[in-house]
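Trainee: Chains as they are written, first to last, in the working numbering: chain A, 1 to 606; chain B, 1001 to 1360; chain C, 2001 to 2317.
Quick caveat, the hints were computed from the structure, so don't treat them as lab data.
Bear in mind the structure is a predicted one, so any value in this text is a computation, not a measurement.
Watch out, some of these pointers could steer you wrong.
[To be verified] Derived DSBU-like pairs: lysine-lysine, alpha-carbon spacing no greater than 30 Å straight-line: (1) A/467 / A/84; (2) A/148 / B/1265; (3) A/163 / A/521; (4) A/467 / A/418; (5) B/1160 / A/148; (6) A/574 / B/1082; (7) B/1082 / B/1070; (8) A/467 / A/262; (9) A/163 / A/467; (10) A/574 / A/148; (11) A/467 / B/1082.
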Amino acid sequence: MIRPNGRLPRLATLFATLAIVAAACTPAASTAPTGSTATQAPPATSGATGAPVALAYPESGEVTCGTGGSPGSFNDKEYTGNLKSIEAPDDMTVVFTLCNPDVAFLQKVAFAVFGINDSGWIETHAADGSIKDLLNGTGPYKLDEWRKGDSLIYSAFDNYWDKESYPLVPNAVLRWATESGARLQALQGNNTTGITLVGPDDFDIIANDPNLLLAPAPDGQALNTLYVGFNHDIKPWDDANVRKAVALAINRQEIVDNFYPKGSEVATHFTPCAIEFACEGDPWFASGGDAEITEAKALLTAAGFPDGFSTSIQYRNVFRGYLPSPPAVAQNLQEQLADIGITAEVEEQESGTFIGNANAGALDGIFLLGWGADYPEVTNFMDYHFGAGATAAFGAPYPELATPLGEGNSTTDAAARKTAYAEANNALQEVVPMVPIAHGQYANAYLAGTEGAQVSAISTEVMWAMKPPATASDPNTVVLTQGAEPIGLYCADETDGESLRACEQAMEGLYGYEVGGTEVKPALATGCEANEDGTVWTCALREGVTFHDGSTFEAADVVMSFAVQWDIDHPLHKGNTGIFEYWAGLWGGNLNFVPPPPATPAPSPS
Amino acid sequence: MIQFIVRRLFTSIPVMLGVVVIVFILVRVIPGDPCTATLGERANAARCAEFNARIGLDQPIPVQLGIYLKDVVTLDLGMSSKFGRPVTEVLLQRLPTTIELTFYALVFAIVVGMGLGIVAASRRNSAADVGAMMLANLGVSIPVFVLGLVMAFFFAVILKGTPFALPGVAAGRLSPGFRFDTIPEAWGIATLDGPLRGILDFLSNMYTINGLLTFQFDLFIDAFRHLILPAIALGTIPMAIIARMTRSSLLEVMGLDYVRTARAKGLRGRIVLFRHGLRNAMLPVVTVIGLSIGGLLSGAVLTETIFGLTGVGITISQAITSRDYAVIQGVALFVALVYVVVNLLTDISYGFLDPRVRPS
Amino acid sequence: MSATVDAATGTPLPAVDAGATRNSRSIWRRILAQRPAVIGLTILSFLFAVALFADVLATYNPERSVLGIETRAQGAVARAAPCIHALGCAADRPEHWMGLDGNVIDEFARVVFGARVSLLIGFVTVGVAIVAGLIIGAVAGYAGGWIDNILMRIMDVFLAFPALLLSIVIVTILGAGLVNAMIAVAIVAIPIYARVMRASVLSIREQDYVTAARAMGESAFGILLRRVIPNSLTPMIVQGTLGIGTAVLEVAALSFLGLGAQIPTPEWGQMIGREYNNLQNAPHLIFFPGIALTLTVLGFNLLGDGLRDAFDPRLTR
């Protein structure tokens, strides 16, 4: 499972929009992708150089696409991906062939992870590992220095292909502060033009300060969920009445009202409703009121706990979009549970330990956890938590959930999926493996008068479209303060929002997102056209583009940038951890992937 | 004298060894493991097996200890699991910050501390004496983080916008985006390589030194402004200790016979004070200065956290949170080494200051 | 490193004054003659009173948020500024003398109950460290030889670390929490007391009455228990009093870093550690616990100074 460290379901949100659009556009046999500008596929041999350059990946062998329920193969290994081949018939054209049509192709290709690198650059720097410390893109800013522990310093790239438009300001600095209070103080102290991840208690302060500007995410874009979970293999959570009692006692509205920023919502279903099939079935039952508390007490008595019992509330103190104030919520829960006689001790665990315990099914109390979407698919929420191969945090999978979920993910028939997910959602309310609480809103903040003040769910705030007001301490430098230091700058191999944002300033993909939005528009490609059945995408590349180090942009760069991620056996399949998490989630699978032998369950930590 | 030094070095080896082994053990007793700590939710059994193999945790413990001891002797402190870089590289990167901070804190502590102590001793029982000692008492009692925050509030919030404002909480080492040249760049020898380049890069990372050596005075000023508050916060406790020590030591010495003799001979008070009094009063003060290093390193963790300075102190704090064994061990070793060296220097300086202590 | 200087406060360690501590009335008089000691005692009495009467002084629960009894409209928001009716706060708003903290809990109640926690921390930590240090130091000093050597080498290894760093490592092993933080700080402090004890024992064991007791056939253990230890207590007590302030500071530092007292326990260092990033917008949440901490440590330091001066006539004032 892919866990965006940047706490924002950036990819998820963009796909949410896309999913809505996709639902509207089914059946998927359309040709023109939404948002494309080119009206006509360019001829395959156009290009500045004229001479056709043949380059294809895979270089030898061919992918056999899967059919129906069985996966395809490549090189005698199972291949579950959707990409069949990438070819460059000439210097300025790239052709992607897919096994099945993908309406989301352009949005995926525009994602920060697929920024194009120069092939020569990859050859040098992926080999020696320096690729994660440097940026060499085609974007309006070039990276001057990564002052470790302090900031990234960018300056304008003089040969940018659209230099009349961008960047608005010649210098940029990306900094970080892990505490939301520190980010706010930096903004109030005029030490930064903008900050990300505004703390929930600071929304009002910023809204009331005429010198500051709050930029909240558009409504419904919060693709995250907070829940409290129980492991039903551990007493007393093996009794459904006990779980239901706790669920009835929690006043979810109170939590959202007091510890979440404005715009956050109480969860009606486990999966945020912007995702297709998420909100089939009945909304979650009422809880927290007097009637519910009485019912809860009755259930506890029926379960054999007339006077309640003792347990703990386990959580980790890490800021996430789904849970901006963990200790406060934990404490509030503690107080709420006392109302039905449950004495809960608040137990803060170290982040890594907590996750380890969750994955091993070792959390024996009520645990506070959440989820931010990796991509906007209901399976990313439901199956990961309740499907047949689900996380062990809740104990053994519930058959009442695993069965309908299995039906839902094995068909593409919309009606059948609807029924399946309705059944699953209703079953959730019966077995109560967890209680969904909230979908958390988030926002950025800027100095008042900042041009281009953006908030992006996918961490693509681009500083080159921002301009500080004249009252900023340095109007020629745009400064953005985010939540943490980037882990590495080779974004193909990173998943945290902080790294992706750092890349976005200097790298570009075939397509890109419009500033501050999720519509895609051509960037390094002048247009990508799909064929009739949507399985072949032909992209015409932009001419006259150079990289920051002077190399010319051409088709070979595109092929290499994708190939090194796609093929596990590629000699340059190297990065920071070399895992390239997003590839499998977006394109279905890697070439030459050999699944690890089933691991024996890890011994539970003492 | 040389014998003395060599003997002292010898006796510190078992201590160093003890430190290494204890840290090694302690660090492995810490619950949780680097894999879940680093990869977070992405950690699963297969990935962790690969991760652990990569950092050598799949070997039995005695083998790990053996490998570690061998590496330490060759100055290879391993790879940081959090940063994916050699520990020595992480340490060297963050060391200059801590050295700069500790240096200015110590300068503050010594200058102000001794000054207060001398004033107090020479005007014994006067208002100045009482005042200075009350200040010293307060200095020892106020926690480092409280003092830092109070000063940050005053200079960064209350004085905001005035020419006297100073950077406050989480302000870092320089103003955002401040560009400057490293020493090799400024001196036009940017192509230089080898150990000299390494040394120059290390020095460049101490921004105030860099600014002075390359005449980039704007760099010096910006860096210094960011260091004033942390240095004072960090140095206040040692300052107070030194003040009290100087005072009581001076008083003790002033009461001794040879000083009274000097006075009786007609030498003016101040000469007596400085020539005879101070020299002998220095012994305990030097001891205290040596002892302060430990407190400075401890306090650096808190000061660096508050003011956003990425130095060694905050590194070990973060390393513990992410179970970065290699970094924890490396820093612990380094700190113990510093202690041993400081002890040695203290003992040697005894020899200079007090002939009686010199080994024959 | 000589054992004659107290690393925490920079003053010379109390010299052993065997046998000079019999007359308790004269001790009191000597203590009270030291002005700092008087001030220290005053502060500490105030602190003890606050701790003792915390329930009476605080009208709110220090561990529960006020969201149950007040509404947002009445001002029950996180980090609300102090509301004192006498100073002009609207009469329909509930009074919170020190405002509300990040979890919407009354800050005054937390500060006041924090006094209990701090006193507990100070006495228990130092108590444990003294007992352990006493045993180790007495055994090392009296036995001498290789036992002394080994014990003191081990103490040296512990002293080779800055106190806070070592306690951070210990707490990380034991797990974050107030009790573990106290254990860690106690462990780190043991070498100091061991040294003090050992120094005392070394000088006392050569005294006549000890030699006499040995000649009369008393067991080593008996001599330790009945002769040596009682006469070595004074420096330990003085060091201990000074050490209480240090212990409170160190546990506060651990809590500041998030490794010590956990919510909802009110502890001053923890309160500051959770809010320091909001210095500009909620300075009251840092100042009040900060002042409380400083006063407490100051009180113990002053008293310790006074005790040391009272018990050690050698030191000229």
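Trainee: Each of the hints needs a verdict: does it hold here or not?
Mentor: To see whether the hints hold, each was checked on the structure:
For the hint linking residue 467 of chain A to residue 84 of chain A, the alpha-carbon distance of about 43 Å lies beyond 30 Å, and the restraint is violated. Our distance criterion of 30 Å between C-alpha atoms is broken by residue 148 of chain A and residue 1265 of chain B, whose separation comes to about 63 Å. A hinted pair counts as satisfied when its Cα atoms are at most 30 Å apart, and residue 163 of chain A with residue 521 of chain A qualifies at roughly 17 Å. For the given pair, residue 467 of chain A sits about 46 Å from residue 418 of chain A by alpha-carbon distance, which is inconsistent with the 30 Å threshold.
Simply put, residue 1160 of chain B and residue 148 of chain A have alpha-carbon atoms about 28 Å apart, close enough for the 30 Å limit, and the pair holds. Under the criterion of a C-alpha separation no larger than 30 Å, the hint pairing residue 574 of chain A with residue 1082 of chain B is consistent with the structure, at around 18 Å. About 23 Å separates the Cα atoms of residue 1082 of chain B and residue 1070 of chain B, which keeps this hinted pair within 30 Å; it holds. Between residue 467 of chain A and residue 262 of chain A the CA atoms are separated by roughly 27 Å; this keeps the pair inside 30 Å, and the hint holds.
A hinted pair counts as satisfied when its Cα atoms are at most 30 Å apart, and residue 163 of chain A with residue 467 of chain A qualifies at roughly 15 Å. For the hint linking residue 574 of chain A to residue 148 of chain A, the alpha-carbon distance of about 22 Å falls within 30 Å, and the restraint holds. Under the criterion of a C-alpha separation no larger than 30 Å, the hint pairing residue 467 of chain A with residue 1082 of chain B is inconsistent with the structure, at around 35 Å.
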